[in-house]
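Just so you know, the sequences run in chain order F and X.
When you line the first sequence up against my numbering, it's residues 1 to 279, in that order.
When you line the second sequence up against my numbering, it's residues 280 to 426, in that order.
Since the hints were made in silico from the structure, they are not lab data.
The model shown is predicted, which means the values in this text are computed figures rather than measured ones.
Treat each hint with caution, since some may be false.
Which stretches of chain F does chain X cover? Using the computed rule of at least three CB atoms under 8 angstroms from a CB of chain X, they are [to be verified]:
{"id": "1", "region": "149-161"}
{"id": "2", "region": "239-246"}
{"id": "3", "region": "256-265"}
Cut-off 27 angstroms, straight-line C-alpha distance, at most; resulting in silico cross-link-like pairs (BS3-like, lysine-lysine) [to be verified]:
{"id": "4", "chain 1": "F", "residue 1": "LYS279", "chain 2": "X", "residue 2": "LYS283"}
{"id": "5", "chain 1": "X", "residue 1": "LYS395", "chain 2": "F", "residue 2": "LYS171"}
{"id": "6", "chain 1": "F", "residue 1": "LYS140", "chain 2": "F", "residue 2": "LYS51"}
{"id": "7", "chain 1": "F", "residue 1": "LYS279", "chain 2": "X", "residue 2": "LYS320"}
{"id": "8", "chain 1": "F", "residue 1": "LYS249", "chain 2": "F", "residue 2": "LYS279"}
{"id": "9", "chain 1": "F", "residue 1": "LYS8", "chain 2": "F", "residue 2": "LYS140"}
{"id": "10", "chain 1": "F", "residue 1": "LYS89", "chain 2": "F", "residue 2": "LYS115"}
{"id": "11", "chain 1": "X", "residue 1": "LYS395", "chain 2": "F", "residue 2": "LYS279"}
{"id": "12", "chain 1": "F", "residue 1": "LYS279", "chain 2": "X", "residue 2": "LYS311"}
{"id": "13", "chain 1": "X", "residue 1": "LYS311", "chain 2": "F", "residue 2": "LYS171"}
C-beta atoms are modelled at their ideal positions from N, C-alpha and C, and glycine is treated no differently.
Next come the chains, spelled out residue by residue.
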Amino acid sequence: MIDELRQKARELLETGEVDLVIGYGEGSDPTRTMPVFIRRPEDCEKLVWNKYCYNNLTSYLTWPELKTRGKRAVVCKGCDAKAVVVLSKERQIDRKNVIVIGMACEGVGEPLLSKCEFCDVRTPKNCDIVIGPEITPLSKEKQFEDVEQLEARDPADRWEFWREQFSRCIKCYACRQACPLCYCTQCIVERNQPQWVPTSAHPRGNLAWNVMRAMHLAGRCIGCGECERVCPSNIPLMLANKKLAQVVKEQFGYESGYDIDEPLPMASFMPDDSDELFK
Amino acid sequence: MAEKEWTPKIVAFVCNWCTYAGADLAGTSRLKYDVNIRPIKLPCTGRIDPLFIVKAFEQGADGVLVSGCHPGDCHYTSGNYHARRRWIVFSELLRFLGIHEDRVQFAWVSAAEGAKWADLVNEVVAKVRELGPFTAYRELDSAEVVS
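Bound-form chain F, shown alone (with noise of 0.2 angstroms):
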């Protein structure tokens, strides 16, 4: 697959078909991979694919000095496509400037990482070349297993639970930066008139982060997990962000980042949607 992606890479550098290739590349130490930015066709050597390509490459399609840079082709898993969908339906990205090449993956991590064991992208859909061979996706079915466990305690379990969590962020905003949907030039966290989330890594403001964080992903989050790994306090974000996940699902039927042409459940409405909230 290795010798493919080279070579599929150095074809759309050779022919002018992009002029950037976002994908993969040697480490600090085997165990690791680090994000490499092709220009030129004879450094396509530099890719490189294997079960530690953990980063959503797609962040970076977003990034104001690489729009700049012409069309860009970007090395995508399965989950990660699903951000291209997303970007594109929100207009961030002209989708016809940028090549995604999927590659066919049974997972990455090692142990295998959680989202991976629901994991109904192995072969990446809405991918303009994919590599590898076709595999067989995974049930969904129990994808929501860690949402209901923790829901099945009592309100103030989880209250602490959260709490606790919280209480260690440290408010370096990895999670947002690691986000491929983050992509607002200037964040609410960093609105200062007024200030609507405070500064310091304390446990209200962390609440205020976290929440809003969740929020802001609500119906658009397609569960790369990248805020979560990247995570130096090792919260667990993704539960709050899979359990909004959930309630988009139920309430709206929609699932983030699989149909470029349904409307965003959060820009749009039904009359008929549920008003059992309200009195």
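Model the placement of chain X on the given structure of chain F, informed by the hints.
The following block gives chain X in isolation, referenced to the frame of chain F:
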């Protein structure tokens, strides 16, 4: 000095066109209702960011009420429909975090429903009074920073 007896502090985010006018009607109709509510008028329920609610709790509210025009009656045609989706999701998130669902309550009150507004406020206040002060949130203030 003896400590004052606790009464719930409730922030109500209401829309300009229906609920605020409804509350006005309750006033001009001389209806009596609980005084624990602090209404904040916004153009539309669609203007109410979930952060407003978080902010209200940060500032010491014990409960929040969100109210606007009935579905189909929005002054801006669809603001409340958008808001409804937002609240469905947001209320679930708060519940998931362990916040009682009665801490944030939602309603539709039209400009003609002064009586409904009065009843609603009484009901919201009663429910929050039952829950007691939102100490769990306030304790975050005094929490030590774990590093």
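Check the hint pairing X/LYS395 with F/LYS171 against an upper bound of 27 angstroms on the C-alpha distance. violated, 43 angstroms
Counting residues of the region 256-265 of chain F whose CB is closer than 8 angstroms to a CB in chain X, do you get three or more? It is violated: at least three residues are needed, and the region 256-265 of chain F offers just 1 whose Cβ sits closer than 8 angstroms to chain X.
Are X/LYS395 and F/LYS279 close enough, with their CA atoms no more than 27 angstroms apart? It holds: about 10 angstroms lies between the C-alpha atoms, which stays within 27 angstroms.
Please work out if F/LYS249 and F/LYS279 have their alpha carbons no farther apart than 27 angstroms. holds, 24 angstroms
Given the hint that F/LYS140 pairs with F/LYS51, does the C-alpha gap stay at or below 27 angstroms? Roughly 21 angstroms between the alpha carbons, so the hint for F/LYS140 and F/LYS51 holds.
Holds or violated: F/LYS279 with X/LYS283, Cα cutoff 27 angstroms? With Cα atoms ~32 angstroms apart, F/LYS279 and X/LYS283 exceed 27 angstroms; violated.
Does the alpha-carbon distance linking F/LYS279 and X/LYS320 stay inside the 27 angstroms limit? holds, 19 angstroms
Tell me if chain X covers the region 239-246 of chain F under the three-residue, 8 angstroms CB rule, please? holds (count 3)
Holds or violated: F/LYS8 to F/LYS140, with C-alpha atoms at most 27 angstroms apart: violated, 32 angstroms
How does the region 149-161 of chain F fare against chain X when you require at least three residues with a CB closer than 8 angstroms, holds or violated? Since three or more residues must qualify, the claim that chain X covers the region 149-161 of chain F holds, with 9 doing so at under 8 angstroms.
Mind checking the alpha carbons of F/LYS279 and X/LYS311 for me, to see if they're no more than 27 angstroms apart? Since the Cα atoms of F/LYS279 and X/LYS311 sit roughly 20 angstroms apart, the hinted pair holds (cutoff 27 angstroms).
Between the alpha carbons of F/LYS89 and F/LYS115, is the straight-line distance 27 angstroms or under? holds, 23 angstroms
Against the hints set out earlier in the document, violations occur for numbers 3, 4, 5, 9, 13.
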